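Visitor: Using the sequences and the accompanying hints, generate a full structural model.
Chain by chain, the residues run as shown.
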Amino acid sequence: MTESTGKTQIAVTVEGISKKFGAASVLEDINFEVSEGETIVLLGASGSGKTTILRIIAGLEAPDSGRVILHAKDVTKIPARGRGVGVIFQSYALFPKMSVEQNIGYGLRLRKKAKAEINEVTDGLIELTGLQEHRKKYPSQLSGGQQQRVAIARALAYNPEVLLFDEPFGALDAQIRTRLRREIRALLKEIKVPSIFITHDQEEALELGDRIAVLNEGRLEQIGTPYDVYTKPATEYVATFLGAANLMLGIINDGKFEAEDVFLKIEGDVPVRDRQSVKLVFRPEDVFLRKPENLTQNYQPLTDGFIEEVNFVGAFERVVVRLNISTRQPIIVTRPKTETTAFPLTIGQKVKVGLVRFRILPNYTLASERASRVV
Amino acid sequence: MSANLSGIRHTRGFDVIKPLSIMTLIIVMMPLVLLPLASIFIFGTSNGLRSFWNALTAPEAIFALQLSMVTSFWATAFNVVFGLFAAYVLSKYNFWGRNALIVTISLPTAIPTAVAGFALLLLWGPYGILGKYLEPYGIHLMFTAAAIILANIFVTFPLAFGVIKPVFDTMNQSLEEASATMGATRWQTFWHVTLPSLRGAILSGALLTFARSVGEFGSTILVSGNLAGRTQTAPLYIFAKFNEGQVEAANAIAIVLALFSFLIFSVLFFARDWLEAE
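Heads up: the sequence lines are chains U and H, in that order. Each number in the working numbering comes from the position in the first sequence (counting from 1) with 768 added on. Each number in the working numbering comes from the position in the second sequence (counting from 1) with 41 added on.
Think of the hints as simulated: they come from the structure by calculation, not from any bench. Since we're looking at a predicted model, the values are computed, not measured. Among the hints, erroneous ones may be present.
[What the hints assert, rightly or not] Which chain H residues stay away from chain U? Per the calculated CB distances, all over 12 Å, these:
(1) Ile49
(2) Thr52
(3) Leu61
(4) Phe82
(5) Phe93
(6) Thr98
(7) Val144
(8) Phe159
(9) Leu216
[As the list claims (entries may be wrong)] Using 30 Å as the maximum straight-line C-alpha spacing, the simulated DSS-like pairs for lysine-lysine come out as follows:
(10) Lys841(U) <-> Lys905(U)
(11) Lys841(U) <-> Lys881(U)
(12) Lys788(U) <-> Lys133(H)
(13) Lys133(H) <-> Lys865(U)
(14) Lys865(U) <-> Lys904(U)
(15) Lys1120(U) <-> Lys1033(U)
(16) Lys1047(U) <-> Lys1033(U)
(17) Lys880(U) <-> Lys841(U)
(18) Lys133(H) <-> Lys880(U)
(19) Lys845(U) <-> Lys133(H)
(20) Lys788(U) <-> Lys841(U)
(21) Lys865(U) <-> Lys881(U)
The beta-carbon is built from N, C-alpha and C at its ideal position, and this holds for glycine as well.
Guide: Below, the structure written as structure tokens:
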């Protein structure tokens, strides 16, 4: 299967994967693709099914239905050892009685490669992952970060079809985590092997992924670039899982969002009918707060409110604003230092609340509405 | 060595309970364990080293020691291999009757050794349930070294298994999964990944089985016939010589067996950390 030049090839296809454990449905009709050299992050809470998808792609679990295709080969019926995938486990699973070198060379030894070739590949990978000083050591003598690098080198040794990372940063300290994340991303860009990460950490997902797939209770809610998934969440779950979000119920009336006392003009195409019940979604950092006398023009006014709480959170200020509508709904607003120094606000102060950006999502309160999905 | 040391002060001045309880412990152990062990050495060397050496190098004595070592070796070899295999199967697979099998494997420890020996005779003896079919072909399993090996296998059956299975149960499954994703067959994974992690357990299982085997008496005396110079193991030799009134001869072998057991258990004790290492 050859693609025309200029178009990226598809490395991994997951098609219609479903899985039940007993009566519980763990995965429901999962579909996505990973292109050559791309890094996809499967993001979801525990129990969302992300680990199960990874294990199904690796061949450690069998799906109830659907297919897994690696580089145009249907591997669904093939056991793990025949798939040529590289898995980096959460605990790294380094072989304790083998040295770093021996761990890395294991895959090639299994394939009965010549000693010279094994040494050459091992040397190259040790160089790539910066493990020269540790090559003769045993896993118990290595730090978490070093163990992770061995795990990656080991998986790369036999030219895997795809790299699968199972929450690789979970066992590490926060400081090391951010540094390693960047190192791994740089490494993956260099070797151009398609990779799939699973994580529950949204910051990690935003930083690591070329695209993010958000999973909720066995369903793929949205897949897209970090920017798209963050600024244009397709569902309420995605909006609230990735970053914080304020929600307000209302309806669409004559092409405008309407809640009591609130009128917002909607720009661009919004896939909702007139008179439909919707949810307004806006992020704390997209809210503008000003004293009535300091108004500017470049925002859509939401309503009035007053400051209930002000919290200093280091790089920015987190403010709770109580809105002047009958629901007296509180919203969360974050203000950067530039705002707080230029326009300081205190508790009890009356403010005008405006939105720089927002999203309209259909409000699925009825099962039938959810089923139809297309509006 | 695991301990639960307490640093609490219980009294204002000198706490007499600590030295008192330690002394009590030793005093109780004296007549029960410490003195009997000491007696073997005190008595055995009372007539001088020359006498001891003569008793030790008597042909029947040497034969008894050799027979003990050889039969114990084969029983250990079999039980370690089988124990490994059984631990693998019973740890990995779930099936109807699994728990019953685990209990059955552990049964031999609960059965009195004399009963075990007797049962073997009933099965393999010349008029035994299976033995009677072998008799016409001239195959006599009982009253031979083979019988001793069979009896030892029965009696020490659960020992190696009992040491190895917990290691299988607590083994990190990810290791085997990692090996599989890297392209290994089940056998390759077992050989390269699982077995090295079992080194310690296999060694302690083997030592335990061997030590127990060497010391086995109850079943051996029944199935071997206790024929001096033919089927008489070291413990049987001690028994026989004592009955004949040749105390010195018995004593010499007793010392050897005691020292041998000390050696094995020292290894098991002091190398425990290495043996249990991941």
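Visitor: Would the non-interface assignment of Phe82(H) survive a Cβ cutoff of 12 Å against chain U?
Guide: 41 Å, holds
Visitor: Is the straight-line distance between the alpha-carbon of Lys880(U) and that of Lys841(U) 30 Å or less?
Guide: Roughly 24 Å between the alpha carbons, so the hint for Lys880(U) and Lys841(U) holds.
Visitor: Is it the case that Phe159(H) keeps its Cβ farther than 12 Å from each residue Cβ in chain U?
Guide: Non-interface label stands for Phe159(H): nearest chain U Cβ at 45 Å, farther than 12 Å.
Visitor: Is Lys133(H) close enough to Lys865(U), meaning Cα to Cα at most 30 Å?
Guide: 22 Å, holds
Visitor: Just double-check Ile49(H) for me: nearest Cβ-Cβ distance to chain U has to come out over 12 Å.
Guide: 35 Å, holds
Visitor: Say whether it holds or is violated: Leu216(H) keeps its Cβ farther than 12 Å from all Cβ of chain U.
Guide: 5 Å, violated
Visitor: For Phe93(H), is the shortest CB-to-CB distance to chain U above 12 Å, so the non-interface label stands?
Guide: 45 Å, holds
Visitor: For Leu61(H), is the shortest CB-to-CB distance to chain U above 12 Å, so the non-interface label stands?
Guide: 43 Å, holds
Visitor: Need the status of pair Lys865(U), Lys904(U): alpha-carbon distance at most 30 Å?
Guide: Satisfied, since the Cα-Cα distance of roughly 12 Å is no more than 30 Å.
Visitor: Are Lys845(U) and Lys133(H) close enough, with their CA atoms no more than 30 Å apart?
Guide: Status holds; Cα separation ~22 Å.
Visitor: Determine whether the non-interface label on Thr98(H) survives the test: each CB of chain U must be over 12 Å from its CB.
Guide: 44 Å, holds
Visitor: Between the alpha carbons of Lys133(H) and Lys880(U), is the straight-line distance 30 Å or under?
Guide: Holds, at roughly 28 Å.
Violation of the numbered hints given earlier is confined to hints 9, 10; the remaining hints are satisfied by the structure.
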